[in-house]
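There are 2 protein chains.
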Amino acid sequence: MHALITGAAGMIGRKLTERLVGQGALAGRGVTALTLADIVEPPPPSGFSGRLARHAADLAAPGAAAACVAMRPDVIFHLAAIVSGEAETDFDKGYHGNLDGTRALFEAIRAVGDGYCPRLVFTSSMAVYGAPYPDIIGDDFALTPLTSYGTQKVIGEVLLADYSRRGLLDGIGLRLPNICIRPGRPNKAASGFFSNIMREPLAGQEAILPVGEEVRSWHASPRAAIAFLLHAASIDLAPMGWRRSLMMPGLSATVAEQIAALRRVAGEKAVALIRREPDPLITRMVTGWPQRFDTRRAHALGFQAEASFDDILRAHVEDELGGR
Amino acid sequence: MHALITGAAGMIGRKLTERLVGQGALAGRGVTALTLADIVEPPPPSGFSGRLARHAADLAAPGAAAACVAMRPDVIFHLAAIVSGEAETDFDKGYHGNLDGTRALFEAIRAVGDGYCPRLVFTSSMAVYGAPYPDIIGDDFALTPLTSYGTQKVIGEVLLADYSRRGLLDGIGLRLPNICIRPGRPNKAASGFFSNIMREPLAGQEAILPVGEEVRSWHASPRAAIAFLLHAASIDLAPMGWRRSLMMPGLSATVAEQIAALRRVAGEKAVALIRREPDPLITRMVTGWPQRFDTRRAHALGFQAEASFDDILRAHVEDELGGR
Chain G
1 MHALITGAAG
11 MIGRKLTERL
21 VGQGALAGRG
31 VTALTLADIV
41 EPPPPSGFSG
51 RLARHAADLA
61 APGAAAACVA
71 MRPDVIFHLA
81 AIVSGEAETD
91 FDKGYHGNLD
101 GTRALFEAIR
111 AVGDGYCPRL
121 VFTSSMAVYG
131 APYPDIIGDD
141 FALTPLTSYG
151 TQKVIGEVLL
161 ADYSRRGLLD
171 GIGLRLPNIC
181 IRPGRPNKAA
191 SGFFSNIMRE
201 PLAGQEAILP
211 VGEEVRSWHA
221 SPRAAIAFLL
231 HAASIDLAPM
241 GWRRSLMMPG
251 LSATVAEQIA
261 ALRRVAGEKA
271 VALIRREPDP
281 LITRMVTGWP
291 QRFDTRRAHA
301 LGFQAEASFD
311 DILRAHVEDE
321 LGGR
Chain P
1 MHALITGAAG
11 MIGRKLTERL
21 VGQGALAGRG
31 VTALTLADIV
41 EPPPPSGFSG
51 RLARHAADLA
61 APGAAAACVA
71 MRPDVIFHLA
81 AIVSGEAETD
91 FDKGYHGNLD
101 GTRALFEAIR
111 AVGDGYCPRL
121 VFTSSMAVYG
131 APYPDIIGDD
141 FALTPLTSYG
151 TQKVIGEVLL
161 ADYSRRGLLD
171 GIGLRLPNIC
181 IRPGRPNKAA
191 SGFFSNIMRE
201 PLAGQEAILP
211 VGEEVRSWHA
221 SPRAAIAFLL
231 HAASIDLAPM
241 GWRRSLMMPG
251 LSATVAEQIA
261 ALRRVAGEKA
271 VALIRREPDP
281 LITRMVTGWP
291 QRFDTRRAHA
301 LGFQAEASFD
311 DILRAHVEDE
321 LGGR
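Protein chains in written order, with my numbering: chain G, 1 to 324; chain P, 1 to 324.
These are calculated hints, taken from the structure and not from any lab test. Treat the hints with care, as some may be off.
As the list claims (entries may be wrong) - Now the in silico label distances, taken between C-beta atoms and shown as ranges:
1) G/ALA260 <-> P/GLY167: 39 to 49 Å
2) G/VAL40 <-> P/ILE136: 33 to 43 Å
3) P/ALA142 <-> G/ARG275: 33 to 43 Å
4) G/GLY113 <-> P/GLY167: 24 to 34 Å
5) G/GLY85 <-> P/LEU321: 51 to 61 Å
6) P/GLY267 <-> G/ASP114: 40 to 50 Å
7) P/LEU321 <-> G/THR287: 49 to 59 Å
8) P/GLU86 <-> G/ALA203: 42 to 52 Å
All C-beta atoms, glycine included, are put in the ideal place defined by N, C-alpha and C.
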């Protein structure tokens, strides 16, 4: 079994690589080869004894995607993307990376021919949705993105469905929830505070809360995200018909509920490290984000996420803080 | 006022050109210039005294779209498309014409810069929808196309919305109903029979009905389609927010209802010219097509279609048969 990961140098890409190497198997077969691609050369995973290829590749550049699929990977995790903020500030870069790059990858797969039809797991996003929403967003709700990133993800989804319908690849698109608690340093993403106000106090550091405690979002842990990807690579997709993209399960929680979970897990001392510093811009952006989904399709296919924010916190403590 | 029509040599393009020349005005301003583009050079309209440019252009070819927008048309009707059947049988041609061509047009508009922001009316299609459907499809229903053509139309719609949101153009996408009664000779489109069984008997010719009389579709006349386009070029789009594409009003009618209208308008002799010759392939395709929409958004914006099949027949008799 040969797996290709695009975006392998990113947070999810590195965790996925590590997990594939650690478990040594995917979809019931041994992982004998890994191809890791990203705009910078991904680091070599430790402890992998199979065939390894690493590519520093802009998928939209001529020949780059072809090089990534030349060895006919059985499973492709297409995680590479220009992130939301950058796709919004740099119009050309966003369309180049997220539309042209994705299309170039699909075209490279098609060009292999000879019956080649890999499983392709595409990471989409909640950004495919745009307000106004119903209280609970169902699987049949229209995609009306309000960012260029969301627009590009919709295009990736419909291309994925069309290439799948034509038997050129066997694709599934996962609309990921807000991934919380992201490890690492605080970043400037507008959604960063959802992670920051948990991760930093757990490490004894102060964190800024720029919105009110009533703000609600749809969360899943990095651990759940990796489980989504592995599950998506393994299941029979025929029950999906040609509706190949779907919202992943998550946990709808308010900031107040996050803080209450932090209090239960780490005590009042940790909670006291959250400093309230309202930011009108972030507040306005956040109120346009989806808050609650009915993800019955994903549940029927066996996807699962955390049931409480306590679980999300515990996953972080176990996976990032050595259990303490 | 300068109007550009892409796909100007097609049935709708020619009718729209004729209408613009005939009424001499659009959105309350005189039509002083027309640019007509198509893959073959569109015929010159008779009776137009303004500035006329005609382009034989593949919009996706380098420089072609730029040439079409160089004179900064105020309103652009983007009708050009590789039709559904051809986009399905020729994968590359469909994506080239419908995705690359549309994107090249939008990019050419963006490249003009200097605050240029034309009204752009894009013809989308019912093919953006894919079964299974609810009984009545509402404005918030997900787009899940089951053809490459439908996929390409979804991509055009979301690009239109993103370019509009960024102030690069002022776009509206119209999902057209089945256009019935299409003038001209019977064609091989799977949906052709909806028109054939009306138009041919009215002309004293036999027509083949390949499906059962219970088959239902969503219809509007060519006259209504032209009215949609002109209305879309004229109204304030701000109330749409960034949901810039919408299903047009139409008439949900069964084949039996079509035939009953034919009987009322042209008598039993005309109805007797319909020969039943069931075609399992067409029957299977047709059952996957949408049948009924709730088009309240379009109604609220002032779009209107025929209220009965008798009206559709009368429009055909008046517009194509000189009233007889």
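Hint by hint, here is what the structure shows:
At roughly 43 Å, the beta carbons of G/ALA260 and P/GLY167 sit within the given window of 39 to 49 Å. Separation of G/VAL40 from P/ILE136 is about 51 Å and departs from the stated range, judged on CB atoms against 33 to 43 Å. Under the hint 33 to 43 Å, the C-beta atoms of P/ALA142 and G/ARG275, about 41 Å apart, fit the expected range. Restraint check, G/GLY113 to P/GLY167: a C-beta distance of roughly 43 Å breaks the suggested window 24 to 34 Å.
For G/GLY85 and P/LEU321, the hinted distance range of 51 to 61 Å is satisfied, since their beta carbons lie about 59 Å from each other. Evaluation of the 40 to 50 Å hint for P/GLY267 and G/ASP114 yields a failure: the beta carbon distance comes to about 60 Å. The hint said 49 to 59 Å for the Cβ distance between P/LEU321 and G/THR287, and at roughly 57 Å that hint holds. A hinted range of 42 to 52 Å is violated for the C-beta pair P/GLU86 and G/ALA203, which are about 60 Å apart.
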